[in-house]
Amino acid sequence: MTVFHRNETKQPLPEFLRGGVIAIGNFDGVHRGHQAVLQRALDLATERGIPALVLTFEPHPRTVFRPERPVFRLTPAPLKARILEGMGFSAVIEYPFDRSFSEISAHDFIRTILLDWLHASEVVTGFDFHFGKGREGGPAFLMAAGQDNGFGVTLVDAFRDENASVISSSFIRKLLGDGAVVEAAGQLGYHYTVEAEVIGGQQLGRTLGYPTANMQLPPEVELRNGIYAVRFRRPDGSLHDGVASYGRRPTVTSNGAPLLETFLFDFSGDLYGEVSAVSFFGHLRDELKFDGLDALVVQMKRDEEEARALLSGVKPLGLIDQRLCF
38 MTVFHRNETK QPLPEFLRGG VIAIGNFDGV HRGHQAVLQR ALDLATERGI PALVLTFEPH
98 PRTVFRPERP VFRLTPAPLK ARILEGMGFS AVIEYPFDRS FSEISAHDFI RTILLDWLHA
158 SEVVTGFDFH FGKGREGGPA FLMAAGQDNG FGVTLVDAFR DENASVISSS FIRKLLGDGA
218 VVEAAGQLGY HYTVEAEVIG GQQLGRTLGY PTANMQLPPE VELRNGIYAV RFRRPDGSLH
278 DGVASYGRRP TVTSNGAPLL ETFLFDFSGD LYGEVSAVSF FGHLRDELKF DGLDALVVQM
338 KRDEEEARAL LSGVKPLGLI DQRLCF
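Going by this note's numbering, the sequence shown runs without a break in its numbering and finishes at 363.
Because the hints were derived from the structure by calculation, they are not lab data. This structure is a prediction, so every number in the text was calculated from the model and none was measured. A couple of the hints might just be wrong.
Stated by the list, open to error - In silico DSBU-like cross-links for lysine-lysine, where the CA-CA straight-line distance does not exceed 30 Å: (1) 326 x 211; (2) 47 x 211; (3) 338 x 352; (4) 170 x 47; (5) 326 x 338.
Generate coordinates for the entire structure from the input sequences, incorporating the hints supplied.
Printed below as a string of structure tokens:
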């Protein structure tokens, strides 16, 4: 079994990874549309007995050009790399994206990255992929460069869901902003998942009989505030069902930073400092301001019952979901 290779700093590629099939794209979310491109690359690599790699860009180009409005990342780089590894890729190349890189010509992109560095034998990408200064390199340019330089090019058409709609990361972000985590999962092909370190909180939940694992998510996350049925995975791989609150806790504080607070069912133990994952299976309700803590506890019991019932019947949506959330 080859060790997965994550290259974040333009390091020379090990010999055994050269001459592979390269899937190129941002792939934020690794949604079902992306998976169509990625699976084509994997299939070609398997047929030919050569490695399959992903070339992506970090940080997200939109964040470089508009730093005042960072992109809500569905899959930050570490999570994206883990999903790609689980799909069967040998490596992910996270090319450092900055303004100077955005100025290189399409010709130089082909020469310095695809040929001199990656030694690509085949490039697989979406039909609308553009690259190089001013997006001058498009599908026709790439096909011609492949013919001139001896690498194959496979363009994958837009993937459509069951309603014949094209799946996009921006639409999934909008769904999550509406709290529509079930619909988002249908588009992603797995349940939306976040990762963060468990931090200390006010410990109010503990006194109410509902101790929570608290995580601060990046400010650009646009998940709707509210109460969710979730699964919580610890670094050791153990999985716990739970109920989570995301928001600013209007009953107990007037000015809390957005926080994800997860109550794990049938669990006691210390989680502080662990980098864990939370996967969202259903939006139970919006945040409410309760008339005192007694009313809050009554509602929390209801939330727990509803989340337990919802989670008892869930089944994986596919291989990625199976690995991440089950």
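Now for the hints, and whether the structure bears them out:
no.: 1; hint: 326 x 211; result: 25 Å, holds
no.: 2; hint: 47 x 211; result: 33 Å, violated
no.: 3; hint: 338 x 352; result: 24 Å, holds
no.: 4; hint: 170 x 47; result: 20 Å, holds
no.: 5; hint: 326 x 338; result: 16 Å, holds
Going down the numbered hints, you'll see the structure goes against just number 2.
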